[in-house]
Amino acid sequence: MSIQVKFFASLREQIGISDTEIESAATAGHAWDMATQNAARPTNTLVAINLEYAQFEDKINDGDEVAFFPPVTGG
Amino acid sequence: MSAHISASPFDPWQAIASHQQDSALANKFGATATFIGSMRDFNDNADVSKMVLEHYPEMTQHFLNKLEQQAIQRWDLLDCLIIHRVGEINPADPIVLIACWSAHRRATLDACNWLIEELKHNAPFWKKETRQDGERWVAENTNGL
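Heads up: the protein sequence lines correspond to chains A and B, in order.
By this note's numbering, the letter at position 62 of the first sequence is numbered 62, and the numbering carries on one by one without gaps.
By this note's numbering, the letter at position 102 of the second sequence is numbered 102, and the numbering carries on one by one without gaps.
By construction, these hints were calculated from the structure, which means they are not laboratory data.
Heads up, a few of these hints could be off.
Stated by the list, open to error - Using 30 Å as the maximum straight-line C-alpha spacing, the simulated BS3-like pairs for lysine-lysine come out as follows:
no.: 1; chain 1: B; residue 1: K28; chain 2: A; residue 2: K6
no.: 2; chain 1: A; residue 1: K59; chain 2: A; residue 2: K6
no.: 3; chain 1: B; residue 1: K128; chain 2: B; residue 2: K66
no.: 4; chain 1: B; residue 1: K66; chain 2: A; residue 2: K59
no.: 5; chain 1: A; residue 1: K59; chain 2: B; residue 2: K120
no.: 6; chain 1: B; residue 1: K50; chain 2: A; residue 2: K6
no.: 7; chain 1: A; residue 1: K59; chain 2: B; residue 2: K50
Predicted, not measured: the structure shown is a model, and the values here were computed from it.
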């Protein structure tokens, strides 16, 4: 099993990764550290787990999809 | 009730007419409220010649579906339609359409207002503008005033 990690918009460009897989992570914040090799996380970064908004402290399970993105600007 | 993400231009007026015509509840509609957002050719006192709208396909569709369900539960709506563009967008192109139908005006107006505010603040879309001095990600939406 693994965890899918995705980056969108300006974060994708800053990190230089669109999506990647990591073997495991305890929390969403840990997933960021693993996927970015401990890159600094912009303070306004948002996170989603399995398509729902989440917190960086939230736990991650095998098979989860974690996404990181900046504040949204649609509409 | 439906939510669409469109990679190609759409005509919001045609979409409203078609949706209403095809609805099984059309004879019960007493009120229709709509919001249409279009691309401006300026932002923050700079000319904007083009825009690219990025989204998170699975989450965005899930989010829009959920918004409609919440609106239907909260207000006495008979039907609801959301269409949102993604991809390359030019000035004057429609970006978003929200339409709500009900038997009476208050539910449609309140639901339409709530839907566009929720969408603007939380739906996972991101705008990248092309200006004379290059491309830049829009940092945040305006407050709407």
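The hints, checked one at a time:
1. B/K28 / A/K6: 44 Å, violated
2. A/K59 / A/K6: With a Cα-Cα distance of about 17 Å, the restraint between A/K59 and A/K6 holds, given a limit of 30 Å.
3. B/K128 / B/K66: 26 Å, holds
4. B/K66 / A/K59: With a Cα-Cα distance of about 23 Å, the restraint between B/K66 and A/K59 holds, given a limit of 30 Å.
5. A/K59 / B/K120: With a Cα-Cα distance of about 28 Å, the restraint between A/K59 and B/K120 holds, given a limit of 30 Å.
6. B/K50 / A/K6: 26 Å, holds
7. A/K59 / B/K50: Not OK: A/K59 and B/K50 at ~40 Å, beyond 30 Å, violated.
In this structure, the earlier hints numbered 1, 7 are contradicted, and the remaining ones agree with it.
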